[in-house]
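Protein chains: 2
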Amino acid sequence: MPIPASLNHLIDALRILPGVGPKSAARMAFHLVQRDQRGALQLAHALENALGTLKHCRQCNTFTELDICEICLDEQRNHAQLCVVEMPTDLMSIEQTRSYEGLYFVLMGRLSPLDGIGPNDIALKQLLERASNGIVTEVVLATNFTTEGEATAHYVAEMLRARGLQVSRIARGLPVGGELEHVDPGTLAQALIERRRV
Amino acid sequence: MPIPASLNHLIDALRILPGVGPKSAARMAFHLVQRDQRGALQLAHALENALGTLKHCRQCNTFTELDICEICLDEQRNHAQLCVVEMPTDLMSIEQTRSYEGLYFVLMGRLSPLDGIGPNDIALKQLLERASNGIVTEVVLATNFTTEGEATAHYVAEMLRARGLQVSRIARGLPVGGELEHVDPGTLAQALIERRRV
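One line per chain: the protein sequences are D and Y, in this order. Heads up, the first sequence is in the numbering used here, so the first residue is 1 and it goes up one at a time. Heads up, the second sequence is in the numbering used here, so the first residue is 199 and it goes up one at a time.
Source of the hints: derived by calculation from the structure; they are not laboratory data. A couple of the hints might just be wrong.
Said to hold, decoys possible - Listed below are the simulated DSS-like cross-link pairs for lysine-lysine, each with C-alpha atoms no more than 30 angstroms apart in a straight line:
id : chain 1 : residue 1 : chain 2 : residue 2
1  : Y       : K253      : D       : K23
2  : Y       : K221      : D       : K55
3  : D       : K125      : D       : K55
4  : Y       : K253      : D       : K55
5  : Y       : K253      : Y       : K323
One chain only, chain D, in its complex shape (with noise of 0.2 angstroms):
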């Protein structure tokens, strides 16, 4: 069938959602057409809405549609720590776990060479503003264990060490309920380095 110009484009346009191939992207515009115009509108209205009330937060680069987010506003929380994370979506993954009483930074991004992302695409100047103010003591590391997480983490520890700041890193291992004999050599070699006194 000749498919009409429009829903081509609009499949064309949700092929840019993560783990969306032509397939589920013509799947994705029939059923939108076909089942769902009402939520098709809903879904129009909320991106334009999202994309025009999102903002960075000043302090932490976070997503807000305030100007300091609810955390960095937050006296509860100890303001001398500072999570170093990604993306705002990996703040979310550590704010789940109910284990962090510290505050956040979001490079939104991490350094990765090969596609030409430099010290200078990512807020590494802005951490390193917001890491000196005075009041912060440890820095806390939680960027992803990929090559990039890791050359990130190597690459921000040398430059806030340099300022005389304590800086960590989350620990690698087995993940908790983890068994040897499911877990992959890679993880399990580091598991071994990195054994901790007990």
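Model the placement of chain Y on the given structure of chain D, informed by the hints.
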């Protein structure tokens, strides 16, 4: 993290997409605002554009931007054959086979008493009119082989046979290249029942 309200709305709005649960919706929302704001805006516009321009073909009921769709207007096709499908996506699947030369009729749904969808809720009246134009001689039922699709085919067959039209149903059986060992028992049983003399 207290998620900004506009981001929360976006996550909710994305959940109308088929196969998208709360976790993927959140991942998609963050992807859009973190990494592809331009794509997100294009998606919003594509949605609004598609909803604004798509309408139903006056003859076959599929989606089109015209009054009568290109397939119905195609004089090369066999206007005496009408293939009845549930959805425009089904029409596309058949077109992809390049083995059907007739026209279509899209019901935009199926009978589903449990969901309260009866004969008046899908385009059965329009189909009856369309099939009774004096040109159509054979109607091929290509609704799905689900309970609802089968019930719909049965109902449509009764309705059209009463008008003296020849009605057929697409075949059920093993897939091309299918091995008996790997096909489900229901399909195999049906393939035995509907065996053809060779």
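List in ascending order the numbers of the hints, as given earlier, that are violated by the structure.
4
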